[in-house]
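Engineer: Since the structure of chain A is already known, use the hints to place chain B on it.
Protein chains in written order, with the working numbering: chain A, 1 to 217; chain B, 1001 to 1654.
Hints were generated in silico from the structure; no laboratory data involved.
The list that follows gives simulated cross-link-like pairs (lysine-lysine, PhoX-like), each with its CA atoms no further than 25 Å apart:
| no. | chain 1 | residue 1 | chain 2 | residue 2 |
| --- | --- | --- | --- | --- |
| 1 | B | Lys1311 | B | Lys1279 |
| 2 | B | Lys1217 | A | Lys64 |
| 3 | B | Lys1311 | B | Lys1280 |
| 4 | B | Lys1312 | B | Lys1283 |
| 5 | B | Lys1283 | A | Lys64 |
| 6 | B | Lys1312 | B | Lys1280 |
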Amino acid sequence: MSHSPQKELVTGAIWYEPGADIPDVEQKLYALQNQCTDCNVCEVACSLVHSPDGIVNPLLARLKVNHAPQVGRRAPAHGFGFAADICHHCGNPPPCAEVCPADAFYYDPQTRVAVIAQDKCIQCMECVPGCPFDVIFVAPDGELLKCDLCGGEPACVEACATRPELANAGKQYNRVPVLFHADSATYRAVLQDKPEPRDEVGMMQAMLEKGMVSSAA
Amino acid sequence: MESRLLHVNLSTGELRIEQLSHAIFERWIGGSGINNWIMWEHFLKHDVNCDPRSPDNIFVFGVGPLAGTGSGSGIKGRITFKSPCYGIFGDSAAGGKFPYMVRFAGFDHIAVTGKAPRPVYLYLCDGQAEIRDASHLWGKNTAETHAALNAELGDYPSHVHTLTISQAGENQVGIAAVVSDASRIHARGGGGCVMGSKNLKAIAVQGSGGVRVANPKGMLEWSRGFRASIDKNEAIYGFKRRGTLGAVEMYQHIGSHFWRNNQGNMFRGDEIRSDNWVKKYHKYSEVCSADCFIACDGRYKIDGTESEKAKKYVGETFRRPEYLTTGSAAGALDIRDWAEVAHWGKITNDYGIDNQDLSCSISFVMELHQHGLLSERDIAELFDRPQSLEWGNMEDIEALIEDIVFRRNLFGELFNDGPYWGALRYSQRTGRNFMKYSIYGKGGASFTEEMRPFPTWMNNMAVASRGADHLKGIGLIEKFQRRDLSKRYFGRLEAADLSTPVLKGACTAVVENQVALLNSYGVCLFHWMLDPAGYAPEEYYGRAFAEVTGIDRSPEELMRDGERICNLEKAFNSRLGLRREHDTICERWMFEPTTEGMYPGKVAADMFDTVLDEYYEWRGWDKASGLQTASRLESLGLGDVAEVLAADGALVRA
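The shape of chain A in the complex, shown without the other chains (with noise of 0.2 Å):
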């Protein structure tokens, strides 16, 4: 696999030589469009877990709930959709880095995704624009917030309301995860596995079935 050139994203003691290729990032965080509930679990997850006094706090999470995901996008008959816009952790280099003045980008070696290095950036914004996906987020003090991956098993991914549907590999109900963070080809094959057809049924006739409420009378 060919990579193109480098600019030296590198600070300090890491990894990446600055000159070298640096490898593609096999696993991805996907997020399903017009699939999510607006639950803000992944919102209030990730600001959790990046907060050293534990704050929650929406507006610190590195991924937000959009509300407005079919403006644009694949756009379902009915209208309706939310969508959680996070970082796709794309290429080598990612543009986000590429455009920043400062080099606060660097490669975290745990993760192998670019990383900000807070005491480097200067809050010049460039990358916001910068990228395509619009999921670098400005924190109500200014600090730039990018996805990390939490070193390497995402929160967001972990709390996301439809995991019982991950679980069960999308075969439920016809309801599938929201957010992944996989592999392209394990991400197709689970959006390409056909929900089983099966009777969806309410916590009260689940109850009736199971036997847990009599029909004697």
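Structural biologist: Chain B alone, transformed into the frame defined by chain A:
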């Protein structure tokens, strides 16, 4: 635990922020517990017997400590006030993102007193509060008010979330509700009327602050475990799409609906089933509040192909009807088309009015008409126009809703406080006794589910502090016949057995304590009901409460905390003069036998007194008067409350 209470005096325009002490959380947990305490203290300085529509009444909003902390158990805001329609303790919960945002704006509780000289709205943003002119919003319904506030305030520093009233609240209709984010409704008790009486049109909030969690690692760990236990439960998958509508089939099976003013207990026709809803109407699943792993709410959009009647509503879109929206429309009023049921849900929300009391008021006059008890002259007097009163006729129903919302004729005036007061006033006016056609429980509050075969529910309707209601002591152990839970809580199986009154009152007492805890944590009740390991807020949620607040309690202590909260609500009602005879239900439920369903021939009177006695016994209250005892209150650490009650002659020295 840090928490801030905003005092708003609309008469003087004074705004004061009070830092709530840690001790108040240790005593009252948060959410509804602290709301109750704020109201209790208010009425130590103001006349508790005041007119609920007067400036002396208080309107408290509160969120719980678990709200927005990543617990995944939903967020419910709670409003607490003296109810204008029932005249007793009033409170009501709802979702929406308003409560979530109130916390990020830096507040946990808001206490509004007095009366503004002109219409105002309250604006909160990042620790600041402001009273603003609302004359441009007056006369708008809840959806229009929400949209206008969104346009006015913009998207910085965060989305705008609102609590609004409609014309019903402005007109001080007793059963007017408060609507959160134009879609989730604080329906019970008439909070909208209290806001209207204070000239408070709305509360709007934006926030960019944060909420501190005492032990973030522990909280993340807890929510991981909670999610896993929810994911294991198969019933959740269906619940995610159908929500409470899943009850329709089950209730049809056991005969627990409320049909035509409870003349029956089964829906007629095959259309009103949750299957049909999901197939024809359901378009999108989403949460009602925030921070919720279930997301049982959803959206519909009518395209006109669903049914003949749906053609009238092409393009209409709103949230999915909940079970009680359906129970009131398809049941009480016998509407047999989903599009019309959905439309009923939308207009009662836009008009911000409680659909339980509203539907029972309408079904009351419809039943009088059905029995030929209303002459043409009576109808002309009631409605100022010729009015057909046909079951299930949506045009008639819409006209009657507007009569009440705008109080535009005698019917609207008489029934603005719901079916009990409406029936009583109409009976007094005509000199004929129509009370047996009015469906109500404690306080005159009505409820559109069948009670008679279900002793715990019947008991809930008679004792709930905010008037007849299922959300204070949910009798699910009995209705779902959960023998496992009966065994766990009482060591015996009878609580799950419908045929005996044994343990039914006990069940109400225990579950009321649990629900009081959950309401004080500020979370949704569905996660608790659906989680098979759950059903024990004192153990399971108690851990989350400890991670967030640092207040680590044993399950026994937490149950005592729940009991303390219930006792404060009871004490408030005792101060108003409520005694055993007020813990009662209507004539139809009490004496008229059921005629259909799985349990025909049942009347509540068979078990009513036995169950009520047992409830008082478990509560440690005096059976004869229904009053609290000094010894029980003191054992709960409520000696100060006992003193107040003693001064009011509302305490039994035992």
